[in-house]
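Please work from the sequences and hints to get the whole structure.
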Amino acid sequence: MSETRQKDRAMRQDAWTTEDDEILAEIVLKHIKQGSTQLAGFNEAARRLGRTAAACGFRWNACVRKQQRYRIELAKEERKKNKSQRVQAQLEGGDADHPTATLMTWAQVLRFLRQEKNTAQEWASRWRSTERQLNEWKAKYEALEADYKRVCEELRELKSTHDAITRDYKALLEIMERARKAALLDDDLIGPKFAEGFMYRIDEYGNLERITTGERMEQAE
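Read left to right, the sequence shown gives residues 35 to 255 (the working numbering).
There may be inaccurate statements among the hints.
Stated by the list, open to error - Straight-line C-alpha distance at most 25 Å; calculated BS3-like pairs for lysine-lysine: (1) Lys204 x Lys193; (2) Lys172 x Lys183; (3) Lys114 x Lys100; (4) Lys110 x Lys174; (5) Lys110 x Lys100; (6) Lys183 x Lys193; (7) Lys64 x Lys100; (8) Lys64 x Lys110; (9) Lys115 x Lys67; (10) Lys64 x Lys117; (11) Lys117 x Lys67; (12) Lys67 x Lys110; (13) Lys100 x Lys115; (14) Lys64 x Lys114; (15) Lys172 x Lys193; (16) Lys117 x Lys193.
What the hints assert, rightly or not - Distance ranges between label pairs, derived from CB positions: (17) Arg184 x Thr153: 45 to 51 Å; (18) Ala154 x Leu108: 32 to 38 Å; (19) Leu206 x Arg166: 38 to 44 Å.
What the hints contain is simulated information worked out from the structure, not anything from laboratory work. Every residue, glycine too, gets a C-beta built ideally from N, C-alpha and C.
Put into structure tokens, the structure is as follows:
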């Protein structure tokens, strides 16, 4: 740990010069062209300039990158071009200059393409199977939704019927209560003996009418 701190203290602490910025830019752009990382470029620039990699990274992001936008785009284009050339060289027989290059024969290329075809067919089969399952679940959902609507409609009808029965029941109770009170009133006014000659009927509007014995006999005739 002490050695690392001593090395950090030994690093340059002076201000960045135009020459330092140019060296940093050249190194980072070289790594971009080669398909490497900017971190690798900062490490190389740190060794070259006698500064820390963190200082190089901060200088690049804070200042140099903004000044080198056009060159960065050119470096990225060159990286794409180099990558395409390496792939083409591998397919045609290998690129000896590239350390990761591998030799591929036409038989290997065809085998690779067949494998890709089989993979694509497998994924297509899975897709069709998933699509069928989706359609099945969709049909089940639509059937359940139709059942739900039907049950809701039946529930509304039952509720309406229940409300009608409840109203009729309450009306019947009210009529019976009025009849009871009317009978009690007859007993009080004319006595039980004469009240026995009265009966009641309900008209079409739900009102009570008292019927005498004579009226009952007339209706019977």
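- Tell me, in ascending order, the numbers of any earlier hints that this structure violates. 4, 15, 16, 19
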